[in-house]
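The UniProt record's numbering puts the first residue of the sequence shown at 1, with every later residue one more than the last.
Heads up, some of the hints might be wrong.
Said to hold, decoys possible - Cβ pair distances, simulated, as ranges:
| # | residue 1 | residue 2 | range |
| --- | --- | --- | --- |
| 1 | 133 | 44 | 31 to 37 angstroms |
| 2 | 114 | 92 | 18 to 24 angstroms |
| 3 | 3 | 122 | 23 to 29 angstroms |
| 4 | 13 | 117 | 17 to 23 angstroms |
| 5 | 3 | 96 | 35 to 41 angstroms |
| 6 | 133 | 51 | 22 to 28 angstroms |
| 7 | 93 | 46 | 18 to 24 angstroms |
| 8 | 113 | 37 | 28 to 34 angstroms |
| 9 | 55 | 125 | 18 to 24 angstroms |
| 10 | 63 | 93 | 21 to 27 angstroms |
| 11 | 40 | 124 | 17 to 23 angstroms |
| 12 | 113 | 81 | 18 to 24 angstroms |
| 13 | 97 | 61 | 16 to 22 angstroms |
| 14 | 20 | 93 | 27 to 33 angstroms |
No lab work stands behind these hints, which were simulated from the structure alone. Remember, predicted model here, so these are calculated numbers, not experimental data. By construction, the Cβ of each residue, glycine as well, lies at the ideal position given by its N, Cα and C atoms.
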Amino acid sequence: MSDAPSLIERYYAAFNAGDREGMLACLTDDVAHDVNQGGRETGRAAFRAFLARMRRCYREQLRDVVVMTSADGARAAAEYVVHGEYLADDEGLPPARGQRYVLPGGAFFELRDGRIARVSNYYNLADWIAQVAG
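Input sequences plus hints: build the corresponding full structure.
Here is the structure:
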């Protein structure tokens, strides 16, 4: 039996606890991070910088997390609902005024040697913009 579900659950538990180091510990050194509707960032240092920006701009909790894994444990997916608050302006996005939002999202993972080698995040950016702009 693969420990893939527990790895993804540990990753999201660290996210919800604001434990950036705990999240980073779940990643390979060369992790590929596909940012929602953005480019690919590679490496743990790039992911650390992403988490710093997220911490500055957003306060989020993921609820109703459901983890699914392939039989061989090499791939996983998660579906969740983001409950968040927009704290500070993020480049190219509407101004932040503490707006709250609730947004379904998901992620796909590649796993290697007991760690996350790729995470691709998805959510409806137009829905998020409508919630924070309105």
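We went through each hint and held it up to the structure:
no., hint, result
1, 133 to 44: 31 to 37 angstroms, "33 angstroms, holds"
2, 114 to 92: 18 to 24 angstroms, "36 angstroms, violated"
3, 3 to 122: 23 to 29 angstroms, "24 angstroms, holds"
4, 13 to 117: 17 to 23 angstroms, "20 angstroms, holds"
5, 3 to 96: 35 to 41 angstroms, "38 angstroms, holds"
6, 133 to 51: 22 to 28 angstroms, "25 angstroms, holds"
7, 93 to 46: 18 to 24 angstroms, "20 angstroms, holds"
8, 113 to 37: 28 to 34 angstroms, "29 angstroms, holds"
9, 55 to 125: 18 to 24 angstroms, "20 angstroms, holds"
10, 63 to 93: 21 to 27 angstroms, "23 angstroms, holds"
11, 40 to 124: 17 to 23 angstroms, "20 angstroms, holds"
12, 113 to 81: 18 to 24 angstroms, "30 angstroms, violated"
13, 97 to 61: 16 to 22 angstroms, "20 angstroms, holds"
14, 20 to 93: 27 to 33 angstroms, "21 angstroms, violated"
Checked against the numbered hints given earlier, this structure breaks hints 2, 12 and 14; the rest are met.
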